[in-house]
Amino acid sequence: MTTPIRKLPEAFVETAIDDEIVVMSMASGDFFSIRGTARDVWLKIDGVRDRAALNAALAEDYGDEVDAGEVAEFLDALGAAGLTEG
Amino acid sequence: MSAPPSGPRDTLDLLRSETQVREGPLVTELEGVTVNPGEQRITADEFLLVGRSGFSCHYRKGHGVELGGVRPEHAGELALYLVGSVHAAVACINGLMPIHASAVAAQGKVVAFTAPSGGGKSTVVTGLGDLGLPLYCDDTLLLDLGAADCIHTMPGHKRVKLWPEALALTGREQLELVSPEYPKYYVTPTAGDVDEPLPLGALVFLAEGPEPAWRRLSAGEGIAALADDHYTREMFDRVNPHSRAERFALHARIAAQVPMFEFVRPKTVERFRETCAFLAERIAAISAA
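Chains as they are written, first to last, in our numbering: chain F, 368 to 453; chain E, 108 to 396.
Be a bit skeptical, because a hint or two may be false.
One-sided and incomplete, this derived list gives chain E residues near chain F with beta-carbon spacing under 8 Å [said to hold, decoys possible]:
| hint | residue |
| --- | --- |
| 1 | GLY327 |
| 2 | GLU328 |
| 3 | ALA352 |
Taking lysine to any residue pairs in the SDA-like style, the calculated list, with each CA pair at most 25 Å apart, reads [what the hints assert, rightly or not]:
| hint | chain 1 | residue 1 | chain 2 | residue 2 |
| --- | --- | --- | --- | --- |
| 4 | F | LYS374 | E | ALA356 |
| 5 | E | LYS265 | E | ALA387 |
| 6 | F | LYS411 | E | ALA387 |
| 7 | F | LYS411 | E | GLU328 |
| 8 | F | LYS374 | E | SER350 |
| 9 | F | LYS374 | E | ARG354 |
| 10 | E | LYS168 | E | PRO115 |
| 11 | F | LYS374 | E | LYS265 |
| 12 | F | LYS411 | F | VAL380 |
| 13 | F | LYS374 | E | ALA387 |
| 14 | F | LYS374 | E | ALA352 |
| 15 | F | LYS411 | E | ALA363 |
| 16 | E | LYS265 | E | LEU324 |
| 17 | E | LYS291 | E | PHE312 |
| 18 | F | LYS374 | E | HIS337 |
| 19 | F | LYS411 | E | ALA356 |
| 20 | F | LYS374 | E | ARG360 |
If the Cβ cut is set under 10 Å, some of the chain F residues that face chain E in the computed set are [unchecked claim]:
| hint | residue |
| --- | --- |
| 21 | ILE388 |
| 22 | VAL438 |
| 23 | LEU442 |
Source of the hints: derived by calculation from the structure; they are not laboratory data. Since the model is a prediction, treat every value here as computed from it, not as a measurement. Ideal Cβ placement from N, Cα and C applies to all residues, glycine included.
Extracted from the complex, chain F is given alone in its bound form:
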């Protein structure tokens, strides 16, 4: 899949506290607590990288430790919540 993933800034507000990023959906008011590897995924979503590029960037940081399936699941959840597209 080569579609870049981009955040939809109008769809959420976020704040970083310690090692956690808290995101609130403007539509639902639901909160997402993003920590650990998920935090790095969130920070690497730049509107340019597609899923493969995100996994490659994560591999640079974590080597083989990152589970591509979990990353895909997280990206799907972000998309389903309307926080990202692509």
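Fit chain E to the known structure of chain F by using the hints.
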């Protein structure tokens, strides 16, 4: 026109000045809207409460609180309104944010306990009072968000209100009934109270469970837990209209500046002392940190 408060002590002085009461006319209308007995209405700079018995408490910013139509038999009902709705309304109109919490003072900071009504806030601060921690407030804690680097709080009233089952739990002697419509009883805090503004040191969310447990909440958990449907929050929202994003930013600020915890405990008479001692140990630890 007076200068705005520049620090928490000025804020407390302002609050005390603005909550001064005097006799006035009976008022039953605010901005053209009739306020019926048992109802209240708040605007950006005015608050009107009409008691169930028909008397009025009318606050105007800069003018204090006027009581209209009050008779001696209204004393209990009036006292409840003055320490509750009127106090919270004056605070909101003057820039303070109320949260639904009871609190004690520990090592120069405030440790506040929040839970839905009936969740044990007053019971917990009463139990901690027996262990030497002075009362800071009961049921409503006022936050002063005026300083960027610290959240200050304003001390509340000097007595705790307990339901009959909480009296049994704490083993405390009841003083007078709060009011027939609100059948709690006043008790006096064993360790006295604190009468000065203090920084908010921790916010503790109370829960019930089979064993005492204590854990630090993540920022996300804290922000979510700060959502509150208490009537004082409705007042704050009416006086300070804000978007969902602004509310998020406010709660995020609190979560960033104040450590939040969850305290789980069994609510039984047999284990009350034990759970209070457990809690006091945790408070000592976080206060020393």
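Hinted pair, alpha-carbon criterion (25 Å max): LYS374 (chain F), ARG354 (chain E). Please report holds or violated. Cα-Cα ~21 Å, so holds.
Satisfaction of the GLY327 (chain E) interface hint, Cβ to chain F closer than 8 Å: Result: holds, 3 Å to nearest chain F Cβ.
Given LEU442 (chain F) as an interface hint, is its Cβ closer than 10 Å to any Cβ of chain E? LEU442 (chain F) check fails; min Cβ-Cβ to chain E is 19 Å, beyond 10 Å.
When you check the alpha-carbon spacing of LYS374 (chain F) and ALA387 (chain E), does it fall within 25 Å? 45 Å, violated
Take a quick look at whether LYS168 (chain E) and PRO115 (chain E) sit within 25 Å of each other, Cα to Cα. Satisfied, since the Cα-Cα distance of roughly 19 Å is no more than 25 Å.
Given GLU328 (chain E) as an interface hint, is its Cβ closer than 8 Å to any Cβ of chain F? Interface hint status for GLU328 (chain E): holds (7 Å vs cutoff 8 Å).
Tell me if the straight-line CA distance from LYS374 (chain F) to ARG360 (chain E) falls inside 25 Å. Between LYS374 (chain F) and ARG360 (chain E) the Cα gap is close to 23 Å, so the pair holds against 25 Å.
Does LYS411 (chain F) pair with ALA363 (chain E) here, judged by a C-alpha cut-off of 25 Å? Within the cut-off at roughly 23 Å; holds.
Would the hint linking LYS411 (chain F) and ALA356 (chain E) be met if the CA-CA limit is 25 Å? 23 Å, holds
Keeping to a limit of 25 Å between CA atoms, is the pair of LYS374 (chain F) and ALA356 (chain E) held or broken? With Cα atoms ~19 Å apart, LYS374 (chain F) and ALA356 (chain E) stay inside 25 Å; holds.
Within 25 Å, alpha carbon to alpha carbon, are LYS411 (chain F) and GLU328 (chain E)? Holds: LYS411 (chain F) and GLU328 (chain E) sit about 24 Å apart, inside 25 Å.
Quick one, are LYS411 (chain F) and ALA387 (chain E) close enough, alpha carbons at most 25 Å? Status violated; Cα separation ~43 Å.
Hint compliance for this structure: hints 6, 11, 13, 16, 18, 22, 23 are broken, all remaining hints hold.
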